[in-house]
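Q: Sequence:
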Amino acid sequence: MSASPRPAPQPEPVRRRIPVAAALRRSFSKGYGLGDFQADLLAGTVVGVVALPLSMALAIAVGAPPQHGLYTAIVAGALVALLGGCKFQVTGPTAAFVVILAPIVTKHGVTGLMTAGLMAGVLLVIMGLARLGRLIEYIPYPVTTGFTAGIATVIATLQLKDVLGLEAAGPLPEHYAAKVAALWAARGTADVFELAVAASTLALLLVIPRVVKKVPAPLLAITLVSLAAVVVAEVYPVFSVATIGSRFHTTLDGVEFAGIPPVLPTPALPWGDGLSHELVRELLPSAFAIAMLGAIESLLSAVIADGMTGTKHDPDSELIGLGIGNIVAPIFGGIAATGALARTATNIRAGARSPIAAVTHAVVVLLSILFLAPLVAYVPMASLAALLLLVAWNMSELHHFIRIVKLAPRSDVFVLLTCYGLTVVMDMVVAVSAGVVLAAVLFMRRMAELTGSRTVLSTADDLGEFALPERVALYEINGPLFFGAVQKAMAALHAIRGDSYEVMILHLGKVPFIDSTGFVALENVLDGLVRRQKTVVLAGPLPRPREIFDKARLEERSKRVYIAEDLDAAIRLAGALVSA
268 MSASPRPAPQ
278 PEPVRRRIPV
288 AAALRRSFSK
298 GYGLGDFQAD
308 LLAGTVVGVV
318 ALPLSMALAI
328 AVGAPPQHGL
338 YTAIVAGALV
348 ALLGGCKFQV
358 TGPTAAFVVI
368 LAPIVTKHGV
378 TGLMTAGLMA
388 GVLLVIMGLA
398 RLGRLIEYIP
408 YPVTTGFTAG
418 IATVIATLQL
428 KDVLGLEAAG
438 PLPEHYAAKV
448 AALWAARGTA
458 DVFELAVAAS
468 TLALLLVIPR
478 VVKKVPAPLL
488 AITLVSLAAV
498 VVAEVYPVFS
508 VATIGSRFHT
518 TLDGVEFAGI
528 PPVLPTPALP
538 WGDGLSHELV
548 RELLPSAFAI
558 AMLGAIESLL
568 SAVIADGMTG
578 TKHDPDSELI
588 GLGIGNIVAP
598 IFGGIAATGA
608 LARTATNIRA
618 GARSPIAAVT
628 HAVVVLLSIL
638 FLAPLVAYVP
648 MASLAALLLL
658 VAWNMSELHH
668 FIRIVKLAPR
678 SDVFVLLTCY
688 GLTVVMDMVV
698 AVSAGVVLAA
708 VLFMRRMAEL
718 TGSRTVLSTA
728 DDLGEFALPE
738 RVALYEINGP
748 LFFGAVQKAM
758 AALHAIRGDS
768 YEVMILHLGK
778 VPFIDSTGFV
788 ALENVLDGLV
798 RRQKTVVLAG
808 PLPRPREIFD
818 KARLEERSKR
828 VYIAEDLDAA
838 IRLAGALVSA
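Under the numbering used here, the first residue of the sequence shown is numbered 268, with each subsequent residue one higher.
No false leads were mixed into what you were given.
Straight-line alpha carbon distances no greater than 27 angstroms define the calculated BS3-like cross-link-like pairs of lysine-lysine that follow: (1) Lys-777 to Lys-755; (2) Lys-374 to Lys-446; (3) Lys-777 to Lys-826; (4) Lys-818 to Lys-777.
Think of the hints as simulated: they come from the structure by calculation, not from any bench.
Based on the sequences and whatever the hints tell you, model everything.
A: In structure tokens, the structure reads:
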């Protein structure tokens, strides 16, 4: 009776091949009622209030007008929530991007900034389609801690200009040392009024959370300081501080608006009239940096959100959603966006149930633009700088940094300090690349140290339950046999006297893995022993990948090479070979 033919494999559903909107589908599949919707509305409103000053402050920090940060929170915040893979993720401009985006604005302007963000979005979509979401798990903790602390240092340094009211000659230079030098050169222009506003805002940001729990501290602190600044300026005309309205102006249809214009973001090509090959080539490294940092920040935020809620996100769907958000946001005037940990945590604590909460946050920011734009013009620049100082402090996680320095192995401390220094002095891409390479090299060194060997030449040596026959030697390798451990693992073998044995047992049963370098070294050892008229028995279980031994056909290449299933079988075979 002939076997029935197998049914043809069914094509994988599209939603499995292209992971899009995983979080939204998962939320609705479990049931979504009126109570869930009300909880999302409340949580989204709270997050929207928090995101409003942060989005403006972060846009200003990179050198763009404040409305571009708001457009980012609106467009990317809504799209990534609907298309991403984390139920509670809130996306928008973040402090981590300041280090990368500020030099782009200095060199290419806001249009170059938005173009680089769109290019980064394309890269993120490709990463998601290639299922690279899990690669974040392979970035060591000292690397992320080092570059995060470095970014916080740069952000805090940049805020000194507005905190102290410094009037530097032209825009700040691109490199950190030059920035510090420019700020120091402008120290004579410091304004005590600006410092007083920044200090008052920072004090309120620290005190309010201990007193008022239900209202976001940034909203209360910045509102109170802005009102106080207006009142003091009316009473004492000598009092004057820079505000959003005095720093930024936008002209639309012949009408000039102070601060942010109270209009909806309109679609337009971010690069203006033309996109040249030269511009794309110059922006590509920056776009790659934005994509890498965006992926790292967003996926780390999603992992932390999973820990807070007991859920599980889809990393590939999150990358695709983040990529689409970064492609569309620049068309509406937005800048680069990624998952914002602080806003995501606020979303969870406020009771969010699904991605609808993040969409609500985007709607709240949009309504604020339409109805509160004239009031936003009175917000002091020093207040936003104080808010970013607090963000930088929280971002640095100084206690984790110090703990690694005190408790971690010296190699991890070296990686941490290297990443920190390179982030401050160079940039994030160099820091992460160097950090990952250093961590990988140091890890391989540790694995090589774990790989050892021992030699047994007589029955007097301890072999446990096995007895070694006369004229048989045993060489045992313990640990992975890869390129970093080959020299150490094979070193002692060459020192064994050739007249002390006739059969050599190479025990590979404790080698979990062998790479091509290790296998070539093993073949060289076999060839050398055969040339010396020695018989060799390879004792298994053979390491992975086993296919490499099957393809090599070692037993067919020489009559003096044998393979045994385990050490017991190898010893019996060696005894029989000696007797023969």
